[in-house]
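Engineer: One letter stands for each residue in the lines below.
Protein chains: 2
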Amino acid sequence: MEQITVIKIGGNVIDNPTALAAFVRNLVSLEGPKILIHGGGKLATRLAERMEIPVQMVEGRRITDKATLDIVTMVYAGLINKQIVAALQAAGCNALGLSGADGNIGRAHRRKPTPIDYGFVGDIDAVDSNLLKTLLEAGITPVFSAIMHDGKGNLLNCNADSVATAVALGAAAIAPTDLIFCFEKRGVLRDAEDDASVISRITAANYAALKAEGAVKGGMIPKIENALKAVEQGVRSVRIKHADDLLHEAGTTIEKE
Amino acid sequence: MEQITVIKIGGNVIDNPTALAAFVRNLVSLEGPKILIHGGGKLATRLAERMEIPVQMVEGRRITDKATLDIVTMVYAGLINKQIVAALQAAGCNALGLSGADGNIGRAHRRKPTPIDYGFVGDIDAVDSNLLKTLLEAGITPVFSAIMHDGKGNLLNCNADSVATAVALGAAAIAPTDLIFCFEKRGVLRDAEDDASVISRITAANYAALKAEGAVKGGMIPKIENALKAVEQGVRSVRIKHADDLLHEAGTTIEKE
Numbered sequence: 000m001e002q003i004t005v006i007k008i009g010g011n012v013i014d015n016p017t018a019l020a021a022f023v024r025n026l027v028s029l030e031g032p033k034i035l036i037h038g039g040g041k042l043a044t045r046l047a048e049r050m051e052i053p054v055q056m057v058e059g060r061r062i063t064d065k066a067t068l069d070i071v072t073m074v075y076a077g078l079i080n081k082q083i084v085a086a087l088q089a090a091g092c093n094a095l096g097l098s099g100a101d102g103n104i105g106r107a108h109r110r111k112p113t114p115i116d117y118g119f120v121g122d123i124d125a126v127d128s129n130l131l132k133t134l135l136e137a138g139i140t141p142v143f144s145a146i147m148h149d150g151k152g153n154l155l156n157c158n159a160d161s162v163a164t165a166v167a168l169g170a171a172a173i174a175p176t177d178l179i180f181c182f183e184k185r186g187v188l189r190d191a192e193d194d195a196s197v198i199s200r201i202t203a204a205n206y207a208a209l210k211a212e213g214a215v216k217g218g219m220i221p222k223i224e225n226a227l228k229a230v231e232q233g234v235r236s237v238r239i240k241h242a243d244d245l246l247h248e249a250g251t252t253i254e255k256e
Numbered sequence: 000m001e002q003i004t005v006i007k008i009g010g011n012v013i014d015n016p017t018a019l020a021a022f023v024r025n026l027v028s029l030e031g032p033k034i035l036i037h038g039g040g041k042l043a044t045r046l047a048e049r050m051e052i053p054v055q056m057v058e059g060r061r062i063t064d065k066a067t068l069d070i071v072t073m074v075y076a077g078l079i080n081k082q083i084v085a086a087l088q089a090a091g092c093n094a095l096g097l098s099g100a101d102g103n104i105g106r107a108h109r110r111k112p113t114p115i116d117y118g119f120v121g122d123i124d125a126v127d128s129n130l131l132k133t134l135l136e137a138g139i140t141p142v143f144s145a146i147m148h149d150g151k152g153n154l155l156n157c158n159a160d161s162v163a164t165a166v167a168l169g170a171a172a173i174a175p176t177d178l179i180f181c182f183e184k185r186g187v188l189r190d191a192e193d194d195a196s197v198i199s200r201i202t203a204a205n206y207a208a209l210k211a212e213g214a215v216k217g218g219m220i221p222k223i224e225n226a227l228k229a230v231e232q233g234v235r236s237v238r239i240k241h242a243d244d245l246l247h248e249a250g251t252t253i254e255k256e
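Order-wise, the sequence lines are chains A and B.
Each residue of the first sequence is one higher than the one before, starting from 0 at the first, in numbering that gives the first Met the number 0.
Each residue of the second sequence is one higher than the one before, starting from 0 at the first, in numbering that gives the first Met the number 0.
Hints were generated in silico from the structure; no laboratory data involved.
Heads up, some of the hints might be wrong.
Since the list gives no way to pick one copy over another, a pair counts as held whenever it fits inside one copy or between any two copies.
Unchecked claim - Derived DSSO-like pairs: lysine-lysine, alpha-carbon spacing no greater than 27 Å straight-line:
#1 184 <-> 132
#2 151 <-> 41
#3 65 <-> 184
#4 41 <-> 65
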């Protein structure tokens, strides 16, 4: 394989049927072996509300108790995953949906219960390159939800960005791998109000300066630092761009050097 | 591959955690390449009730409208499928869950809307032997829910017994295949009240007589006729037995001759 593209989409694409349909069309046009990771969207929250399962938040993060784990497993690994796979199939892309438990492809461990017990929330350990390779060589596009497992019978709700990074690291063991985070903005913006202020390139060499001058701030800091770690560990590039720009040279590229 | 075993479990196993745990242990002990198909159980009905989605029945059969399709996709292809896969993984069996859309492995067509429009209910056309072979050769145990797709972006709720038969026919193109329907009784009973009255063997040659004398009746008639069709079309044997007897010579065997 010459190269692999790993693409992550979030709730902003999943919750919008028009955006999702456009994304599916673009993904089918993207050449070469590819892997999709999808986040959750608002459906799980709506379903929990409708079932009167209380949402427990601690420091802005949702606690995944057993009832909530069942909901996210149903919605993410079930409904959303299968709807995306069926839509990709209809568009001519041979997609196959996966949770981490499927083929033991994604192992995670439950997050330590101290200081905050997040419940059935996991941090991903690794993605199995062998099964990824078997699937890609069969012409299949793996489609991951962020539900992983611990190998002891427990499903775990993981962060989809972290799953995407682990998938890209697994893919990088097979072929040069580019990871694309589809984002609600056009890339990392120097000025949040100005779509033309995209920072085109971030490396370990210029990151400290960009952070110091406030061009990278807030929620972008962990995103960029994780991307820098991923390229350090073997992913060829990480791009942060708008889903609409999937097929274009656009957005912010994070590279090793 | 020397032979393949295809096993179907229904709601009576899925709804009972003790029975399901025992089944998982037995399945792991069953030697050779194997494939599991699971039905639904009562959870989808309970979830629909809780979400106040009206259950529409016509002539004893449930109508699958869009809201109901979403529920069964969540519960069957999501929660139940992933829970079974995670439990099998924990027991040392490399399971991988599939809906028909995944890898385009199971195509179905929507049932004709006349005389009764069942909604998003499908009849399965075929299961892809190539992908089955790839997975089995990789040491994987495919685990199917009965949610198939039509290749046009629609998921379809199918009958799990029919899916199991289609999977067995797909497997039979790879290696001699035995299909086991796990059942709530010990097999086909001459006397429904007497577990010792199992008919051990049914073939095209003795079926007419068994039916005429009333030994095969009611809901067993279509089951046996479908099994006879499956062995006629290339499945080596079909067994109807209790889930507890999975590892034993027991139950009713339907063979070609």
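Engineer: Tell me the hint numbers this structure goes against, listed in increasing order.
Structural biologist: Those not satisfied are hints 1 and 3.
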